[in-house]
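Read off the chains here:
Protein chains: 2
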Amino acid sequence: MAFLTQIQSARKGIMTPEMKKVAEVEFLEPEFIMKKVALGHIVIPANKNHKNLVPMGIGRALRTKVNANIGNSPTSSGIEEELEKLSQAIKYGSDTVMDLSTGERINEIREAMIENSPVPIGTVPIYHVLNQVEDPMDITEEMLIDVIRLQAEQGVDYITIHAGLLKKHIPYAKKRLMGIVSRGGSIMAKWMALHNKENPVYTAFDKILEICAEHDVTLSLGDGMRPGCLKDASDEAQFAELEVLGELVKRSREAGVQAMVEGPGHVPFDEIQMNMEKEIELCDDAPFYILGPVVTDCAPGYDHITSAIGATMGAFHGAAMLCYVTPKEHIGLPNARDVRDGVIAYKIAAHAADVALKRPHARDRDDAISKARVEFDWKQQFDLSMDPDKARAFRAEAIRESQDPSSAAKANDPQPESCDGMTNTDEHFCTMCGEKFCSMRISQEIGDVE
Amino acid sequence: MAFLTQIQSARKGIMTPEMKKVAEVEFLEPEFIMKKVALGHIVIPANKNHKNLVPMGIGRALRTKVNANIGNSPTSSGIEEELEKLSQAIKYGSDTVMDLSTGERINEIREAMIENSPVPIGTVPIYHVLNQVEDPMDITEEMLIDVIRLQAEQGVDYITIHAGLLKKHIPYAKKRLMGIVSRGGSIMAKWMALHNKENPVYTAFDKILEICAEHDVTLSLGDGMRPGCLKDASDEAQFAELEVLGELVKRSREAGVQAMVEGPGHVPFDEIQMNMEKEIELCDDAPFYILGPVVTDCAPGYDHITSAIGATMGAFHGAAMLCYVTPKEHIGLPNARDVRDGVIAYKIAAHAADVALKRPHARDRDDAISKARVEFDWKQQFDLSMDPDKARAFRAEAIRESQDPSSAAKANDPQPESCDGMTNTDEHFCTMCGEKFCSMRISQEIGDVE
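Read top to bottom, the protein sequences are chains E and Z.
Using the numbering used here, read the first sequence as starting at 56 and increasing by one per residue.
Using the numbering used here, read the second sequence as starting at 56 and increasing by one per residue.
Everything labelled a hint here was simulated from the structure, so no lab data went into it.
Any given hint could be a false lead.
Which residues of chain E face chain Z? A few of them, derived with a C-beta cut under 8 angstroms, are [stated by the list, open to error]: (1) Leu-264; (2) Ala-400; (3) Glu-456.
From the three backbone atoms N, C-alpha and C, an ideal C-beta is built for every residue, glycine too.
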């Protein structure tokens, strides 16, 4: 029998091991997963050549997923650094990882990542093409197709292509404060303007679908027109492209290719719900994979926070996967610490939305850690927390400072060193209230006096 | 003429300098402020004895405010540490500061804070009373009144009292996973149970109102029953108390005392809107002063993030002031670094809500920093950011790591040291994309090729 992609299998009523696995970890029925994959409302990015992959699903019927972008830039980082970032991202719970390398050894880094990753790996193939040319304007359709084929064969699970940004959309971007802030989008737009031709990824879309179907590469339809600041959010540039993405979703599904859609960017908090609903409508409920969105432009150094706020709101209103933003967004390439901070902020956002949406068993962990808190079971509290190392280190720091208050006075103290934090773990209080005024202990004593 | 509080003045149509100042900084009409103060929908916490105060207003018609809690505990921190925290909180934009000290030199710390603070200072008087007794169960109504009078005379601008938690509410708390997590609330509840008497702050409420009216101390009606975990949110304990707080708001206004209401705590994201609406209804739009709320229990070490998410949603739906939560919540007493991280996270939340609610000029700063970003004006970007020191330090770190990639590989790197970050400020790219693939530069070049 010929190879079938997940969506092709689902349509034929063939239950794949991948669908079963997704059903199991999501506490849902396999038949439900199969039905949703057939409709394209759930994607399972699982390239047949990615051998050590643990299958996972993306869709708003499922637990909210988190992606971490890593990868080097021409000015920063080598293969060891990127594998360290991969390991940090997976350790802290990233559900997929995108390799956005644009610098040296791009092919090797990608191969090493796929080999070392149990989670789906995504890429932006145009970055590899850029690596092959002196001037981005020398890109050709053939180069793009060749790189997509190469990456499909290597085992890349999903690829971002900027096929929805058409020549006719360019004038919209000129009305903006920030123009086009997507790397792929800006290059495609300049290329179209220079050569006076339509977007080559759009014109070659059928060829790309063919390659994707052959290996079951999921398409992540990039938003080259994503707004780069609050002022540009929800404008005609963004929504004109989104309409095209809706058509491409349809064409992908018809070709047996799984597709998701990428979303903004920078969006004021009050416009997030509308943005989610619009995608669901225009793209027939293709999984929405959003970047943030950040809800204010003016907190560089804290964009993991500005965007975790927007991401929670987005997931609550229908986004299926959240692409993390690190504290170093708008400033420079994230290092391993930034990757960790970004992933944790997004695990919080995703989990908060899952709890709010009452997804199966989502709140179990909250109830368990709260029970441990009441019982002063510090070990259990640490073990159940999203970043046990950080929680332990903070408690150790607090205990140290309670013995030497002057060490607490310095605002620019480095983060506390990682340690086991297990000193005094049997104490029935913390340094916040101290023993005498511990509300939880006092609250528990109320029963004794009656 | 006898002394009049802000609300008494407003009712008589007397425009105070404080109301004018609030109108000016909020870009609103003085008459509007006066009307809202008269109704109690805006409070201006301004004790007549707080000499160096710069008046500010709290209410959902105004810019969202942020409060930072500082103060020592019996196990931690002295007067110098607390003044350093005060300075950090004000530097990063805290609109009010609460001194929650429970440890040594409690009276001196408070006096020093009031003397050094241009922003309103709040307290929880019961903490001082606790400081005077061996056993919290020995507290008397007289002690409470004496301390409230002392603090009113010292110039405290607002005080939290737990007057809404009544004896009949205690059984509700026993149905909870975490019981009573408010320090003041748990002590009051145990006291009532032990002595079989009604809440002394409730029975002495008229006497307290008299003292507050004499100095214009604003009441912050504490929620002793605030939920301490998601499971306990929005339960009968919480809302039974909220109803009493609504009655106390009415009594405060009748006595010429300004009043706000404190809110949760731990609340799932989907229940936040309902919680805000309920307060507005039950408490006749008294400014709602909320703590977070955190939207997941399982991220100790990151509770500034879990709660900034909830705080944004809360402010968007009507909260007037956000009490920050630091990364060290649930673990220990915050140090100066934690105070900074907490304040910035909350300035982000408050600002995001102000932008979303389209408050006058709220988005100006976002537009200005985005313009600076397009123009590669790094100095302006830093100057306009919420934490210029952090942004500069991150850029310096990114540049350093681009020259020595191995330094970027360590996940537990300390925070970058503060530095001027101004090396290479004229570069038209950042280390994230590098020069060749800078989307903003390429986007700007599109015009040139047409």
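Hint check:
1. Leu-264: Constraint on Leu-264(E) not satisfied, violated at 26 angstroms.
2. Ala-400: holds (5 angstroms)
3. Glu-456: Constraint on Glu-456(E) satisfied, holds at 6 angstroms.
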